[in-house]
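Model the full assembly from the supplied sequences, consistent with the hints where possible.
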Amino acid sequence: MRTARVAYAGALHGATPHPQGLQLDDGRVLAEDAVVWLPPFEVGTIIALGLNYADHLAELARELTVSARDEPLAFFKAPNSLVGHRGVTRRPAGVQFMHYECELAVVIGRTARRVKRADALQHVAGYTVCNDYAVRDYLENWYRPNLRVKSRDGATALGPWFVPAAEVSDPQALTLRTLVNGRVTQQGRTANMVNDVAALIEYLSGFMTLQSGDVILTGTPEGVVDVRVGDEVVTEIDGIGRLVNTIVGDEPYGR
Amino acid sequence: MLVSRPVHPPEHPVQLPAFDAWPHRLSGTVIAALLNHRPQLAALGDAVHAAPYKAPPRAPVLAVRPRHMLAGEGDAIEVPGAVEIGAALGIVIGRTACRVAAADAMSHVAGYLVVGELGLPLASHYRPALRQKARDGFCPLGARVIPAHQVADADALALRVLVDGQPLQASTTGDRLRGIAQLIADVSDFITLQPGDVLTLGASHGAPLAAAGQAVTIEIDGVGTLSFTLVEEAA
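Chains G and L supply the protein sequences, listed in that same order. Position one of the first sequence corresponds to residue 148 (the numbering used here), numbered consecutively onward. Position one of the second sequence corresponds to residue 77 (the numbering used here), numbered consecutively onward.
Hints are computed from structural coordinates only; laboratory data are not their basis. Yeah, the Cβ is synthetic: ideal placement off N, Cα and C, and Gly gets one too. Just so you know, nobody snuck in bad clues.
For the chain G half of the interface with chain L, some residues (derived, Cβ under 7 Å), not all of them: (1) T192; (2) A221; (3) N227; (4) E287; (5) N288; (6) W289; (7) Y290; (8) R299; (9) D300; (10) M355; (11) T356; (12) Q358.
Encoded structure:
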């Protein structure tokens, strides 16, 4: 069963899908826009991958002198960056290039330490959609991608639903796309991952213990474009979910 | 010597220190400043202008230290070979810090603790290099948080690293590109720091090496000590 975590009427609730929107664990049926959506599970460590799609890599290979044979490029994001479905993400005034990244988020369900590829998917609890924003203007070549680009407040949208692994027969056979104000700007297939989900779990668990609630953001395909204040950004993965986010400016923050 | 089990979450939950100041406990979020000690960057010389860096850092250079990296006083930390023992001052946030000015930043500090920053030696600072830097237990935390009002000048504390009792490094918490107040100000421009979060001031240049079988102690005057042992990684 798909689950969400939402805030409603002064309390936090678990929720499940309902034809009219969602149903709280206490039975109340609500419209999608009547609740505040939180990331759909208790998020542990956020592990993100860069350059993990063959097409995106080809786009960047000349600039970065990288190839698919390199070690996976993994980095952490901090909890300040989390935001749920229908949340907002701030675009700082004066930046030239801020882009979304539609990504399959893999949620660990069982401790994984030195797990082999063949056993890796047994450690997956489920999946959700991530929009892993980046502000390219702030990119520096020190521990790249640096935190000011990726681990910003509200720059990691997750949701709407946590989808149990049992409902996803093959995580490498999913179609992803991003729509900005209703127009498709990014499309890809998880089949094009350089390191697939099982390989990523094998690699990461080789040097760090993955724990229940840890989430692996598996990288994005080609087709990232600049997003502006007021844009509605929908990142969706067929069979997983449709995650909505809106870009806001500095003004509400008093900047 | 007390032998403790190697640090592997979650069977070995790390006891995060509680302390007698708001918010009384750590949140578990630890963010480390890197390359913040002036001599560290100076040692790179002209390389900071060459590929792959192309320019010196502008924003604070940071790394997240997630829960699997945390260890505590007396723990045995598994290492696959020699590791660098970075010694850093941990700044514990007491009051939510979002876009704070440097002039106000110290009022957001609850206290200080000793933080170890272990890593496999790696010449490059280009990539996050998690395999070398983000292994289980590689961010040990001291058992005590000293309330800020008990530390006169946290930007000028003597710091030492001892390996098997031998002092291998003597440095201070000073001579940073960003001192405590400026670091909080610059980080809080894009990361809201919550009560109980730890931000490190960055290890001192010239971190000594240690290997399995050795006992390490990090001392920061006025803040405390942190001791742990290194053990061979099980095959």
